[in-house]
Amino acid sequence: MSVVRIPPTLRTDTGGEREVIAEGDTVRDLLDDLTARFPTLESKLEYANVYVGGEDIRTRDGFETRVSASDTVILLPAMAGGSPAESAPHFPRS
Amino acid sequence: MATSSETPTVSLREAADLLAGEALFLDVREQGEWDLGHVPDALHIPLGLLEDRAADKLPDRERDIVVYCAHGRRSLAALATLRALGYGRSRHLSDGFEEWEKSGFPVVVPSTLEPDQRRRYSRHLLIPELGEAGQRRLLESSVLLIGAGGLGSPASLYLAAAGVGTLGIVDDDVVDESNLQRQIAHSTQRLGDPKVESARDTLTALNPDVKVKTFNERLTSENIDRILAEGWDVIVDGADNFPTRYLVNDASVWHGIPVVHGSIYRFEGQATVFKPGEGPCYRCLFPTPPPPELAPSCAEGGVLGVLPGVIGSLQANETIKLVAGIGEPLIGRLLLFDALSATFTEVALRRDPNCPVCGEHPTVTEYIDYAEFCAA
Numbered sequence: 001m002s003v004v005r006i007p008p009t010l011r012t013d014t015g016g017e018r019e020v021i022a023e024g025d026t027v028r029d030l031l032d033d034l035t036a037r038f039p040t041l042e043s044k045l046e047y048a049n050v051y052v053g054g055e056d057i058r059t060r061d062g063f064e065t066r067v068s069a070s071d072t073v074i075l076l077p078a079m080a081g082g083s084p085a086e087s088a089p090h091f092p093r094s
Numbered sequence: 001m002a003t004s005s006e007t008p009t010v011s012l013r014e015a016a017d018l019l020a021g022e023a024l025f026l027d028v029r030e031q032g033e034w035d036l037g038h039v040p041d042a043l044h045i046p047l048g049l050l051e052d053r054a055a056d057k058l059p060d061r062e063r064d065i066v067v068y069c070a071h072g073r074r075s076l077a078a079l080a081t082l083r084a085l086g087y088g089r090s091r092h093l094s095d096g097f098e099e100w101e102k103s104g105f106p107v108v109v110p111s112t113l114e115p116d117q118r119r120r121y122s123r124h125l126l127i128p129e130l131g132e133a134g135q136r137r138l139l140e141s142s143v144l145l146i147g148a149g150g151l152g153s154p155a156s157l158y159l160a161a162a163g164v165g166t167l168g169i170v171d172d173d174v175v176d177e178s179n180l181q182r183q184i185a186h187s188t189q190r191l192g193d194p195k196v197e198s199a200r201d202t203l204t205a206l207n208p209d210v211k212v213k214t215f216n217e218r219l220t221s222e223n224i225d226r227i228l229a230e231g232w233d234v235i236v237d238g239a240d241n242f243p244t245r246y247l248v249n250d251a252s253v254w255h256g257i258p259v260v261h262g263s264i265y266r267f268e269g270q271a272t273v274f275k276p277g278e279g280p281c282y283r284c285l286f287p288t289p290p291p292p293e294l295a296p297s298c299a300e301g302g303v304l305g306v307l308p309g310v311i312g313s314l315q316a317n318e319t320i321k322l323v324a325g326i327g328e329p330l331i332g333r334l335l336l337f338d339a340l341s342a343t344f345t346e347v348a349l350r351r352d353p354n355c356p357v358c359g360e361h362p363t364v365t366e367y368i369d370y371a372e373f374c375a376a
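Quick mapping for you: the protein sequence lines, in order, are chains Z and U. Read in order, the letters of the first sequence are residues 1 to 94 in the working numbering. Read in order, the letters of the second sequence are residues 1 to 376 in the working numbering.
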């Protein structure tokens with residue numbers, strides 16, 4: 001069980017939650033628990049980096065990286081914004 | 001203090017003792033040598049002018065004088081001149097200034113800053129880590145800002161204030177009313193004007209020392225090499241879209257220019273430094289942009305006005321450190337800021353040996369113009 005920080009760009013998928021408690025001893029288990037509860041997260045997580053204890057899981061054991069209760073897990077998708085979208089005429093409004 | 005025609009030379013140690021007393025040090029080297037450093041409070045008369053100027057500059061013929069040059073040859077000639085003119089208490093530093101400097105005796109380097117620059121940058125000059133040498137490096141540096149918006153505004157204002165000599169700004173946008181809640185380089189009077197022109201006027205009003213080069217165009221694969229060819233020490237990336245982020249990254253790797261990266265969304269922002277060869281690049285983190293359907297919806301955007309002030313200022317801070325060569329830049333570290341909880345979090349970024357651009361076997365070898373997109 002660990003705290004997973006939800007980045008602002010993914011909060012629409014977690015009902016606005018900034019942090020979610022997820023069950024599991026490895027990153028894979030935690031993410032499985034998360035996506036079971038918030039299914040729209042799954043495809044977006046493919047494009048997010050995952051950090052445990054401030055380290056990229058790619059430099060540890062990937063999805064098998066062990067997570068303890070004291071670890072905070074950070075999800076980090078790419079963010080583009082410098083001046084946000086409503087001022088950027090290059091983005092077609094939707 | 002014993003002086004006589006029998007002991008016309010002084011050792012380094014004796015000279016140091018004389019410096020603490022009333023003796024006058026006379027530097028007979030050329031201007032260019034003097035400018036690189038000299039004995040504190042020394043008088044400068046190049047050897048060739050000594051005979052003409054001595055009477056004016058040295059009215060007291062009874063004073064203790066220590067004459068020096070680089071290695072002790074010109075000072076010996078000067079000594080003969082001085083003695084012939086009646087300066088009986090003059091001696092020369094036979095070891096010369098170079099030995100003096102090497103041995104760690106006091107040296108001052110005359111200021112190369114103009115008096116108004118010394119006043120303007122006085123609070124920088126007071127900081128030992130920066131000082132005059134650091135200020136000179138700032139004045140001689142060139143920084144390219146991608147975007148004159150939320151991040152580019154505070155970053156460029158602080159860089160201009162700090163005396164970064166040349167600022168380039170790339171932006172093809174015009175000032176819109178909805179910008180003014182955060183884009184502090186612009187103002188209500190400039191609505192509808194190109195952002196690069198509005199920003200240039202603001203920056204040069206703040207500091208006329210700064211030369212601003214404007215690029216009123218959108219960065220593309222067509223123009224990026226031309227713009228980068230103007231020679232930049234650092235790129236400040238405050239772009240608002242993925243295509244530009246990837247272009248800037250790939251170009252920075254190929255041109256070997258560090259990028260100070262910042263991005264913002266609502267209450268949260270992040271900053272890091274991508275320095276080619278020393279740390280990861282943007283593609284080490286995110287090899288390709290997310291597909292359009294997974295990108296954050298633009299309609300859900302929005303940003304707290306002060307947030308780019310925090311992140312853009314961090315970018316200016318990192319830029320100044322890179323240019324001045326001080327401190328520990330955010331290379332290999334991503335700083336996350338949450339304005340609501342007022343917390344900073346740091347995560348480690350590592351180079352990816354499989355990175356498509358800076359990895360061992362690059363697969364991206366030319367610019368890619370990714371389609372502009374925005375999820376519904």
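Simulated from the structure, these hints should not be mistaken for laboratory data. No residue lacks a Cβ here, since even glycine has one placed at the ideal position from N, Cα and C. Please note: incorrect hints may appear among the correct ones.
[To be verified] Residues from chain Z that keep clear of chain U, each with C-beta distances beyond 10 Å, as calculated:
hint, residue
1, Thr14
2, Glu17
3, Thr26
4, Arg28
5, Asp32
[Stated by the list, open to error] Okay, the calculated bits of chain Z under chain U, using three or more residues with CB under 8 Å as the criterion:
hint, region
6, 2-13
7, 49-56
8, 70-77
* 8 Å C-beta criterion, at least three residues: is the region 2-13 of chain Z covered by chain U -> Satisfied; 4 residues make the cut.
* Can we trust that Z/Arg28 is non-interface, i.e. its beta-carbon lies farther than 10 Å from all of chain U? -> At roughly 19 Å from the nearest Cβ of chain U, Z/Arg28 sits farther out than 10 Å, so the non-interface label holds.
* Claimed clearance of chain U by Z/Thr26, with the beta carbon kept past 10 Å -> Correct as stated: the minimum Cβ-Cβ distance to chain U is 19 Å, above 10 Å.
* **Cβ separation check - Z/Asp32 to all of chain U, threshold 10 Å** => holds (19 Å)
* 8 Å C-beta criterion, at least three residues: is the region 49-56 of chain Z covered by chain U -> holds (count 5)
* Confirm or reject the statement that Z/Thr14 sits farther than 10 Å, beta carbon to beta carbon, from all of chain U. => holds (14 Å)
* To do: Just double-check Z/Glu17 for me: nearest Cβ-Cβ distance to chain U has to come out over 10 Å.
  => At about 14 Å from chain U, Z/Glu17 clears the 10 Å cut-off, so the statement holds.
* Outcome, coverage of the region 70-77 of chain Z by chain U - at least 3 residues whose beta-carbon is closer than 8 Å to one in that chain -> holds (count 3)
Of the hints listed earlier, there is not a single one the structure fails to meet.
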